[in-house]
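As you go down the protein sequences, you meet chains A and B in turn.
Letter 94 of the first sequence, counting from 1, is numbered 94 in our numbering, and no numbers are missing.
Letter 253 of the second sequence, counting from 1, is numbered 253 in our numbering, and no numbers are missing.
To be clear, the hints were calculated from the coordinates, so they are not data collected in a lab.
Accuracy of the hints is not assured; some may be wrong.
What the hints assert, rightly or not - Facing chain A, according to a computed beta carbon distance under 7 Å, are these residues of chain B, among others:
1) Pro26
2) Asn92
3) Gly151
4) Gly316
Where is the CB? At the ideal position from N, CA and C, for every residue including glycine.
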Amino acid sequence: MPAENTTLPAAAIPSCGDVSCELLVNPIPRPTPPPITISVKPRRRRVVMIDNWKPNSIEILTRAKKLLEERGIEVAELRAKTRAGIPMAAALFAELAAEEGLILCGISDCGSCSASSAVDSVVLQSRGATALAVLTEPFQDQVNRAMSYQPADRDLPVIVLPHPMQNVSEAGLDQRARILADAAESYLDGTES
Amino acid sequence: MASLDVITDIENCFAGGWSDGLPVIPPYDSLVTPMLDALGWDRAEVVGTIATQSLQIRAEQIAATAVMAGCETAYGPVLRAVTEALLTPKFNLSGIQVTTGGVSALVVVSGSVAARLGFAHTANALGANARPNATVGRFAQLVRLFCGSGGGGLQEHGTVGHPGRISFCVAEHPETTWPDFHTQFGYEPGADAVSVMAAEGPNSVNNHYADSGVVILETIASCLAHLGSTNFYYRNAGYLIVLAPDHAALVTAEFTREEAQQFLHGRAVRPTEELIRMGRVPVDFRPELDVHRGTMRTLNRRPERFHFIETGAPGGKFSAVIPYWAGNRYDIHRPVDWSVSGQYQGNQEETDAR
Chain A
1 MPAENTTLPA AAIPSCGDVS CELLVNPIPR PTPPPITISV KPRRRRVVMI
51 DNWKPNSIEI LTRAKKLLEE RGIEVAELRA KTRAGIPMAA ALFAELAAEE
101 GLILCGISDC GSCSASSAVD SVVLQSRGAT ALAVLTEPFQ DQVNRAMSYQ
151 PADRDLPVIV LPHPMQNVSE AGLDQRARIL ADAAESYLDG TES
Chain B
1 MASLDVITDI ENCFAGGWSD GLPVIPPYDS LVTPMLDALG WDRAEVVGTI
51 ATQSLQIRAE QIAATAVMAG CETAYGPVLR AVTEALLTPK FNLSGIQVTT
101 GGVSALVVVS GSVAARLGFA HTANALGANA RPNATVGRFA QLVRLFCGSG
151 GGGLQEHGTV GHPGRISFCV AEHPETTWPD FHTQFGYEPG ADAVSVMAAE
201 GPNSVNNHYA DSGVVILETI ASCLAHLGST NFYYRNAGYL IVLAPDHAAL
251 VTAEFTREEA QQFLHGRAVR PTEELIRMGR VPVDFRPELD VHRGTMRTLN
301 RRPERFHFIE TGAPGGKFSA VIPYWAGNRY DIHRPVDWSV SGQYQGNQEE
351 TDAR
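Produce the complete structure using the sequences and hints provided.
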């Protein structure tokens, strides 16, 4: 379903003369994905983090990884997608589709990277993985937006961090890492949905 | 006097979100069908896909977009090449649509295209009030808007944008001093080609008193390497270097194009320490980004990413630089096949000659 503040373009516009109407030719293609079931609690108590090369993304992910490991949670070695502004490569999608842990797609603090992380999470969910986008506040609606045409049994959650993330202090990086680690742990425990 | 029915249809296109903010020609089937013929595509042909969005783009949607932009059917072969370039997955149409950067889908036409179809390539070449430039440039932005937004779902985040998101099309002079623009991408001199780039707005480069090409290039290098440049971090993007005739005469008298590229690559630099101090390169850099304290940092990794075009009017001592979007490392190029109109020939293999 589209986000509440999303107005989608008209699906059809009629043109009516004196005696009859015809439809104008629609110039806007629309996604036609098959229905999916959203997973928010992974089958395995493990976290997989995907970096996207945005400045400080890897800093926050690395600190969050350390926090989770201190709490006894298994965290895979950090992975990276090719670039922030495009979705993951097909090979990475295929590999992660088999992942039983929680996949964190991020961290995105811009328009193209947030859309890409949102799409990453939707694609991985469609393949049966438990994947969530990690976005900063101004971009948090992008997951709902990416789900505009996606039939699903429920909304797809997003993990939201404070904005900005690039020009922040050590304390700011620690704060964001803690928020991320807490959120990830709550999804592993099933206390966040 | 225009029919009130047509005015109503234009207003309905506004209301329905089928517009870029300007009035569109309503895409009546009676106009779309001849445009399809001009493009050389069957109506239901899938001409592009965005697989991660489960999105298929059909030929009639592209033809409707061309009509809405105000294009003539004579532009069909050019529009087809532009479409194929825009919908090449590596061009990342959705990223360009939603980025926080100010990015347009810039179209460059080169070869005999300008003369054949009447593209303006002298006065105000970067924003010409000529139908081919204005409508082909608008067509490219409408494709970005209509096909790159996930059916209107994805949220655009351009922080300030730039006027080229309405229309941005540049034609090279049919006769050039250096080899044709498209020869920088593997095409033969004398070919006809289109290129698309994810581009920021043009920065004017003024130098009225220089009397040598080397000084002109130094001035261009200074403009390229300003501290606000988006490219110092990733260093993947290219640049369109627009040489107008007066500056071009000085530069081409002293440099080959390859020499000029090398010159700019060496001169359009900033001290790495300064970039770190000014917040343009994060201190948490990693080895893959090749950030080395105590060195001069270039804007990109390869001199051939400075693409020169000869266009504009004589009489002014101006040039311009157009940075490509830092988030997109690919500009895409396609030949113009004048034989496509009226005869479907199938999709061309990707020939990205970056």
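Each hint tested on the structure:
no.	hint	result
1	Pro26	holds (6 Å)
2	Asn92	holds (5 Å)
3	Gly151	holds (4 Å)
4	Gly316	violated (36 Å)
Violated hint for the displayed structure: number 4, the only one.
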